[in-house]
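Engineer: If you read the protein sequences in the order shown, they are chains A and B. The first sequence lines up with residues 515 to 691 when you count with the working numbering. The second sequence lines up with residues 729 to 1004 when you count with the working numbering.
Treat the hints with care, as some may be off.
To be verified - When the alpha-carbon atoms are kept at most 30 Å apart in a straight line, the in silico DSS-like pairs for lysine-lysine are as follows: (1) A/K551 with B/K943; (2) B/K837 with A/K579; (3) B/K932 with A/K585.
To be verified - Over the 10 Å line for every Cβ pair with chain A, so calculated as not near, a few chain B residues: (4) T811; (5) K837; (6) D1002.
By construction, these hints were calculated from the structure, which means they are not laboratory data. It should be emphasised that the depicted structure is a prediction, and the values quoted were computed from it without experimental measurement. C-beta atoms are modelled at their ideal positions from N, C-alpha and C, and glycine is treated no differently.
Below, each chain spelled out in residue letters.
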Amino acid sequence: MVKKIAIFFGYISFFILALLYFTPKISLYYFAEQELKAFDIVVSSETLVDTGFSLKIQNPTINIKSIESAKIQELDITILGLYNSVNISNIGLSSTAKSFLPLNIEYVNITHTIVDPLHINAQVKGEFGEAKAVVNILDRNLSIVLLPSKLMKEKYANTLRNLKKSENGEFVYAKTF
Amino acid sequence: MQKLSNSKLISIVFTLLILVVIAKALSLGLWWYLPSDGVELNVKNNYQPKYQRVYCKNIITKAKIQQKKKEIVQAPTDGISITNMLLKGLYGTSSRAFVIVAMKDSPKKTKLVGLGEVFKGYTLKSTTKDSAIFEKGSKDYILTLEQTKSKRRARSTKKEDSFITPAFTADEPVGVSRRDIAHYAKNPKQIWRDISIKELRDGKKILGFKVTKIKRNSKFAQLGLQKGDLIIKANNVKLVSYKDALDIYSKIDKIDMIQIVVMRDNQEVELVYDIN
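Bound-form chain A, shown alone (with noise of 0.2 Å):
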């Protein structure tokens, strides 16, 4: 009896695998982009690339309001159902954010696990600093907890004024949606 459950999880696996590796990545991903541009968000000039569990997006730019707002040169996208991710690598802000942060961003890794369902986390690590966010998808609310830079401190004194101060350096800002 429990070998046949086994055989039947097995199969089970086998399929969910075989429908992430034959979803049409590409053609999903031209959907979010049509959901985005209703929020006046368009990608553009990127070059996609289906890896079988993931698809890679090279070189996109994001442009929010027809502005250009940042330039990525990576965007790695893999949804397995029980792990999902999106690695982005190397973004560069547009110059019109100067006066708020340093345009150059590292990389944002965002990962949501079937271990902690409710929650999706970011860690993300730039020229600002170091920064760590948590989506709570029940409560509704988001916390980013940012250790800055010696940089962000000297220069841009007056973005972290925004933030709420904690007594071991790092500033916290939260926000329900």
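Since the structure of chain A is provided, determine the placement of chain B on it from the hints.
Structural biologist: Just chain B now, kept in the frame of chain A:
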């Protein structure tokens, strides 16, 4: 009898193949339903001639000074100088115009002069919105409407009296310091404390950016902006997207003058600022 195949293994492989086929069929169904093309950025470049400001007032003033000099020279020979004339009224179009003129010593004794007609030796050549151009001896003389002169005098007096000099007209640009611009760029919260601007749409199309709130005595109020103003143009570029507005902002370090056209009480008002 020897078994040539493992029926159990074949069964597993066959089941897996069926699962692969079902997965592929489902993905094909999904592919059929999903869009085949992405969204491309479609930016309509707002090409407009570069904004250039020409101080016609200065040109006219210079021309007037030159003419006055000539008139002074001519005056003794003719007996009647154009400086002794008054322009009381202007009628008609540029092709068919009439002016009412009088002499300063007898202002009530007026005469209607049409284009090409002669008054005291001066031939009416053409008219503008507030002046008449006479010709005498192949030289042009401009006679300005009396009301315009008095209005200008009144306006300049009013400006001197007021504490804040608002940039109501394009006549005299108001100065904006780069230090203030840099201050606002570093403190965006301060901008939204002083002014609130929201796009005004007609369906999906942006008509302009409306000033919904302005703090009294703030820098923005001093610049002549008022609550309810709809900003439609900046430096001759129609503001029909956020990109148009941001393009101006991104070039602010390179420009010395900014011209804004606002709709106020259904009338276009031009505000001009010198960036120094």
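Engineer: Give a verdict on every hint.
Structural biologist: Checked hints:
For the given pair, A/K551 sits about 34 Å from B/K943 by alpha-carbon distance, which is inconsistent with the 30 Å threshold. Of the supplied pair hints, the one linking B/K837 and A/K579 is violated, its CA atoms being roughly 65 Å apart against a limit of 30 Å. Pair hint B/K932 plus A/K585 holds up; C-alpha atoms about 26 Å apart against a cutoff of 30 Å. Against chain A, the non-interface label of B/T811 holds: every CB pair exceeds 10 Å, the least being about 56 Å.
No beta-carbon of chain A comes within 10 Å of the beta-carbon of B/K837; the shortest separation is about 65 Å. Every CB of chain A lies more than 10 Å from the CB of B/D1002, the least distance being 23 Å, so the non-interface label holds.
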